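Peer 1: FYI, UniProt numbering numbers position 113 of the sequence shown as 113, with every residue one higher than the one before it.
No wet-lab data here; the hints were simulated from the structure.
The model shown is predicted, which means the values in this text are computed figures rather than measured ones.
What you were told as hints is all true, and nothing was included just to trick you.
Okay, the calculated beta carbon distance ranges per label pair:
id : residue 1 : residue 2 : range
1  : P107      : V3        : 54 to 64 Å
2  : S23       : E102      : 32 to 42 Å
3  : F21       : G55       : 17 to 27 Å
All residues carry an ideal CB built from backbone N, CA and C; glycine is no exception.
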Amino acid sequence: MYVFLGVVAGLVLVLALLRRFLSRLRINGPSMMPALRDGQRVLFVRSGPARLRTGRIVVVAPPEGLVRPRPGARAPLVVKRVAALAGEPVPPEVCGAAGLAEGSLVPPGRVALLGDNPAFSTDSRFWGLLPVSSVVGVVLD
Numbered sequence: 001m002y003v004f005l006g007v008v009a010g011l012v013l014v015l016a017l018l019r020r021f022l023s024r025l026r027i028n029g030p031s032m033m034p035a036l037r038d039g040q041r042v043l044f045v046r047s048g049p050a051r052l053r054t055g056r057i058v059v060v061a062p063p064e065g066l067v068r069p070r071p072g073a074r075a076p077l078v079v080k081r082v083a084a085l086a087g088e089p090v091p092p093e094v095c096g097a098a099g100l101a102e103g104s105l106v107p108p109g110r111v112a113l114l115g116d117n118p119a120f121s122t123d124s125r126f127w128g129l130l131p132v133s134s135v136v137g138v139v140l141d
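Go ahead and model the full structure; you've got the sequences and the hints to work with.
Peer 2: Structure representation (structure tokens):
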């Protein structure tokens, strides 16, 4: 009996830990097509900046006021691809929004994010460079 309770308690603990570090998100819109499609669900690891790499798909809390939530809801999380990290060249299409000259490097603590489908994506081309702290997690492949 005690072994059974120990196994159940262990499973509950594992599930609680997984829920704290793993989350699920539904893709809303075509901004990441063809990699991710509207309505698709993805898992992401809630992590710090150590897991960030150029080319990875990340979940971001966009800057306040730039994405309008539904009344009574908080701002939605969005999914974008890391285009450049600190010390890397700012992508040319982001330079204007970030107020930087072409060839500039991403400053420390900032990140450039782009959607895979630029015609339908609001990203660093509109927001400029975002603080790394706005990245909530990394989408699992």
